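Participant: What follows is each chain in one-letter form.
There are 2 protein chains.
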Amino acid sequence: MKLTGKVLVAQGGGPTAVINQSMVGAVLESRKFPQVTKVYGAINGVNGIINENFIDLTQETTHNLEQIAKTPSSALRSTRDKPDEKYCLEIFDMLQAHEIRYFFYIGGNDSADTVRIVNAYAEKSDYQFRAIHIPKTIDNDLLVNDHTPGYGSAAKFVAQAFTGVDLDNRALPGVYIGVVMGRHAGFLTAASALAKKYHDDGPHLIYLPERAFSLDQFLMDVKEVHDQYGRCVVAVSEGIADSSGTPIAATMLQQVERDAHGNINLSGGGLGDLLASYVKNNLRVNRVRSDTFGYLQRSFPLAVSSVDQSEAREVGEKAAQFAIWYDADGSVTIHRTGDYSVDYQLTSLDLVARYTKLMPDEYINDKGNYVTEAFRNYARPLVGSLPNIAHLRSPSITKIIKK
Amino acid sequence: MKLTGKVLVAQGGGPTAVINQSMVGAVLESRKFPQVTKVYGAINGVNGIINENFIDLTQETTHNLEQIAKTPSSALRSTRDKPDEKYCLEIFDMLQAHEIRYFFYIGGNDSADTVRIVNAYAEKSDYQFRAIHIPKTIDNDLLVNDHTPGYGSAAKFVAQAFTGVDLDNRALPGVYIGVVMGRHAGFLTAASALAKKYHDDGPHLIYLPERAFSLDQFLMDVKEVHDQYGRCVVAVSEGIADSSGTPIAATMLQQVERDAHGNINLSGGGLGDLLASYVKNNLRVNRVRSDTFGYLQRSFPLAVSSVDQSEAREVGEKAAQFAIWYDADGSVTIHRTGDYSVDYQLTSLDLVARYTKLMPDEYINDKGNYVTEAFRNYARPLVGSLPNIAHLRSPSITKIIKK
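Protein chains in written order, with my numbering: chain A, 1 to 403; chain B, 1 to 403.
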C-alpha cells in the first residue's frame, strides 16, 4: 500500500547539538519518495501544530539543509508544552485538516507520548496515518535505546570541560565543583570521567542523582582527595537529592531564601555556589571555586561528536524509511551491535514513552561517588575523538639552598 | 658577547589554552643555542623559584614538548603570588645561586613587573643576566601589544558559547544572560559578538566594565530588545560597575549577604543569577536564564584558535632569540602589520608592567551597550576559523483553520 500525502516534521523539548541532523535526515529521506507530496515543518513543536504554524521544507535547498544539519539547536524551534489528551486531539485535527499522512516528532519521552496519543486518535478515526517518534535527549534517559542522539555531543562538552578545568586546577590548586545538567539520570554528569587519562586526573569525585547525596559524606570525600593530591575536582549533577528524595539545591536554597526574606531566585549558579561555600566553611582550603555549566552544554558548536552526528542523522532517515517503506508506527531505537557499531529498530511507542531510564548499578561505584570502568567502556565510543593531553616528565633539580 | 649558562622558564597568573605553546617555544628555541647549558622550568611560577622547585626541561623529548604545547593550561603550574621588592630579591638570589643567565617569565602585567624588578637587581649587582617577559592573558589588557596570546582562544570560546546559547534561545525564547570573565577590561565579553552572522543573532546587548552600568538602563534595554524579537541574549562582564566604580556584583551581593546574616559566598553564579531575578521581577518575561562561563573559558581544549596558537608559540621563540642572540632585556610585544599579519618587538618592561589596557572608545557604541564594527574588524582575525551556522528559509504555509 502506498499512502500518498504530506509529511510533517517537528522538534520538541530541549535542543541538542545534533537535533537538526535528525530533522534533515527525515526531510531529505522523505523527499525521495514519490508518494510524499510535500514536507512541512511545524514551528515550535506541537505548539506550532495547534496554532497552524507550518513552513514548507520542500522548498529548502539540499545544500542549505546540509548546513542546517551541522548547526546546533532546533532549527524548527521548540516548545515546553506537554500535551494532554485534549491538546493531542487538537494536534490530530490539525494534521487531518492539512492531510498530513506522516508525522515525525523528534524529542524525549514526553514527545514519544504525544506521538503515541495522536496515533491512537488516528487509529480510532480510521484516518490513514503513520507517526514516528525520533529519539533525542542529552540526558540519555530513553528506555529501550542503548543511548540517545544528543547525548554524545553533550557528553563530549562535559568531558572536555572537565579536562580543561582539571588542567587549570593543577596549575592553581584548590577545590573545584562543576555542576552538570541532569535532574534524574546521571549519564551526562558521569561523562565528566570520559577524558581522564592520568591516574591523578580529575574529576576525582562524581555525584549522581541515582545515589542519595549526603553533605557529610561529600565533605569527607573532598577532604580525603584533597589530602592526597592537594587539590580536588568534583562533578555534581544538578539533580542530586538527599535520602528522602529532596533535591539538595532545594534544601540548601530554601534556607537561604528564608534567611533573606526576599524574592531572590538562585536557580542558576545556586547549587554549585552553595556547595563551594560549604566546603570553604568546613575544610581548610583556600581556593574553592564552582561553575554551573548550564546552557553551554547542549549546543556548543565546537563540541559535536562525529558519532553522535552520524547517528542523529540516521535515526531521522530511518524514521522516514520505517513509515513510508514499511508503513509502520513506533519509536526509532538505537541498539549496540558491536564495539563499536549500532543498528536501528522500530519499537512500540508504549515501551519508550513517559518513563525515564536511569544509570544501571554496574556503572556506579560502591561508594556512590564515582563511575566504573563499565561505564567508561559504554560511553567512550559515543563522544568520538578527543584531543590528546600531555604532561611534563622532567626530573627535579637537586636543591642546593633549601635542602 | 656570548653569555653562557642556564635558562629558566616559568609561567604565572591565570592559565590560558595556549600558554604552553609559549613555554615550549622558549624551551625548544633555547635548546638550539650552544651557550645554553641547561633549560630549567620553575614549578608554580615565582613561588617555585623562591622555594627552589626546579625541573630539568633539557631532558624532555621534543615530541612530548610538542604534545604539551597543544595541551591547555600551564604545564609548569602557576601562582597567584604578587612579588614585592623583598620577594623579587629572593628570586634574584636563587637565580644567581643556580647560575641562571636567562629568565623567561610568561604572564600578564604583574609578571612583567616581577621581571622588571628582578632585572634591576641583576643590573645593580653586575650579574650578567637577561630577563624577558612573554605576554599572556585572556583579558587582552597588556599595554603596547595589539593583542595578547591567550585572548584569541578564550574569545573563540566566548564567541562560540554565545552562538550556541543564541541558537538555544531561538528555539526556546526568553531572556538569557551570560556572564564573561574580565574585571577591568571588556575585550573578552566583547568577543561575544564575533560569531554574529544574521541581523537578529544574539547577543543583542553587551555590557562592559569600561562603561558605568545602570540597572534601570539595563532593564529598559532588555525590554526594548525583547519587545522587538520576543527574546533577548545579553553578554555581561563580571566586572561591570556602577558610576561610582563599585562592582554591580558587590552592590547586589552585599545586600543579599546582609539580609541573610550568614557567611554565604555567592561568588560563582551570583551576578548572573541576581541580574536574572531582577529581570524576572521587573519585566513580564516567563523564561529568564543565566550562566556564568567561569573557568570553562580559559582552558577548553576544543576552543583553541589556530592564530592564537601560532602567536603564542612565536612570542616564546622570540623571547629566546631576543635574549640569546641580541643580548637584550624586555617584554616581547605583538604588533599588527597587515590584515591579518603581525610582527614581534622587544619593548621596555617599564612600558608593559603594572598598567592595564582598556577597550578604546571606538570599540564601544554610543549607548554603551554594544560593540562597534571597528571592534569586530579588530578581533575577528584573532579567533581563527569558526563553524558555519545556517537558518531555515522555507516559506510559511497558508493557514486554512486559524486564519
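For the record, the hints were derived by calculation from the structure and aren't laboratory data. The structure displayed is predicted, hence computed values, not measured ones. Where hints are given, some of them may not hold.
Note that identical chains are pooled: a pair holds if it fits in a single copy or bridges any two copies.
[Claimed, not checked] Think about it this way: if two alpha-carbon atoms lie no more than 25 angstroms apart in a straight line, the pair counts; the simulated SDA-like pairs of lysine to any residue are:
#1 K197 to H63
#2 K38 to H199
#3 K86 to D146
#4 K2 to D327
#5 K367 to T58
#6 K82 to Y378
#7 K403 to E99
#8 K70 to L283
Participant: From the Cα coordinates, with 25 angstroms as the cut-off, is the pair K2 and D327 best called within, between, both, or neither?
Facilitator: The answer is within: 8 angstroms in one copy meets 25 angstroms, while 83 angstroms across copies does not.
Participant: For K38 vs H199, is the C-alpha pair at or below 25 angstroms within one copy, between two copies, both, or neither?
Facilitator: neither (56 angstroms within a copy, 30 angstroms between copies)
Participant: One pair to classify: K70 and L283, alpha carbons no more than 25 angstroms apart. Within, between, both, or neither?
Facilitator: Intra 46 angstroms, inter 35 angstroms, cutoff 25 angstroms: neither.
Participant: When no copy is named, should K403 and E99 be tagged within, between, both, or neither for a Cα gap of at most 25 angstroms?
Facilitator: Between copies, since 17 angstroms is at most 25 angstroms while 85 angstroms is not.
Participant: When Cα atoms must be at most 25 angstroms apart, do K197 and H63 count as within-copy, between-copy, both, or neither?
Facilitator: between (40 angstroms within a copy, 18 angstroms between copies)
Participant: At most 25 angstroms between C-alpha atoms: does K86 with D146 qualify within a copy, between copies, both, or neither?
Facilitator: For K86 and D146, neither the intra-copy (33 angstroms) nor the inter-copy (62 angstroms) Cα distance is at most 25 angstroms.
Participant: Between copies, within a copy, both or neither: which fits K367 and T58 at Cα up to 25 angstroms?
Facilitator: neither (54 angstroms within a copy, 43 angstroms between copies)
Participant: Under a CA distance limit of 25 angstroms, which applies to K82 and Y378: within one copy, between copies, both, or neither?
Facilitator: neither (31 angstroms within a copy, 46 angstroms between copies)
Of the numbered hints given earlier, the model fails hints 2, 3, 5, 6 and 8; all others are met.
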